[in-house]
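Colleague: First residue of the sequence shown: 1, per our numbering; consecutive thereafter.
Treat the hints with caution; some may be incorrect.
What the hints assert, rightly or not - For lysine to aspartate or glutamate, the following EDC-like pairs were computed, each having C-alpha atoms within a straight-line distance of at most 20 Å: (1) LYS113 - ASP125; (2) LYS113 - ASP67; (3) LYS134 - ASP172; (4) LYS24 - GLU13.
What the hints contain is simulated information worked out from the structure, not anything from laboratory work. Note that the structure is predicted; figures quoted are calculated from it, not measured.
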Amino acid sequence: MRDQAFKVLLSAESIETRIKALAKEIERYYQNRLGSDEDLLVVGVLKGSFIFLADLVRQISLPIEIDFLEVSSYSGTESTGQLKFIRDLRATVKGRHILLVEDIIDTGFTMSKILEHLQAMEVRDLRLCSLLFKPSRNQIAVNIDHLGFEIEDKFVIGYGLDVDERFRQLRDIVIFEEN
Numbered sequence: 001m002r003d004q005a006f007k008v009l010l011s012a013e014s015i016e017t018r019i020k021a022l023a024k025e026i027e028r029y030y031q032n033r034l035g036s037d038e039d040l041l042v043v044g045v046l047k048g049s050f051i052f053l054a055d056l057v058r059q060i061s062l063p064i065e066i067d068f069l070e071v072s073s074y075s076g077t078e079s080t081g082q083l084k085f086i087r088d089l090r091a092t093v094k095g096r097h098i099l100l101v102e103d104i105i106d107t108g109f110t111m112s113k114i115l116e117h118l119q120a121m122e123v124r125d126l127r128l129c130s131l132l133f134k135p136s137r138n139q140i141a142v143n144i145d146h147l148g149f150e151i152e153d154k155f156v157i158g159y160g161l162d163v164d165e166r167f168r169q170l171r172d173i174v175i176f177e178e179n
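Just need the whole structure built from these sequences, with the hints factored in.
Modeller: Structure representation (structure tokens):
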């Protein structure tokens, strides 16, 4: 890992600007849908979404409850093709408005399974917000209601995205290349 190169794809400033716009979009959607005693349940998919989620919810002027879920489709470095829930939601979701927040969607496999899982819990309304989407990798169509950026098929890290649990703390999203 010593011989790696980073090329900035999305600067911290461009991410911040887009998040502010996404927050306004989300507020407009929910402002007349939430009851006076109702919180929007914002669900982050761990680990990658945690920085995006934190920055996003601080820009939303609605009553919010936050929960997380964590999934894995890997055993070691190989995908098993099966999705395992490492941590499921602790909040009550039946009959609630849910905003699912993800860092990146590429094939759509993981997200389609998460959406099925949440829809089976009889939520009132389920919307998806993803910071990044790789359309060239997409195999299973999922409806992204609120999208930050479409990106090319490059391995990206930073702003919550990692390689072997490293580099999540980078402020920019960068293309990772090993030399």
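Colleague: All hints are to be evaluated individually against the structure, with a verdict given for each.
Modeller: Evaluation of the provided hints:
1. A distance of roughly 17 Å separates the Cα atoms of LYS113 and ASP125; the hinted pair therefore holds under the 20 Å criterion.
2. Restraint check: the Cα-Cα separation between LYS113 and ASP67 comes to about 18 Å, which is no more than 20 Å; the hinted pair holds.
3. The suggested pairing of LYS134 with ASP172 holds, with an alpha-carbon distance near 17 Å, which does not exceed 20 Å.
4. Of the pairs offered as hints, the one joining LYS24 and GLU13 holds, with about 17 Å between alpha carbons and a cut-off of 20 Å not exceeded.
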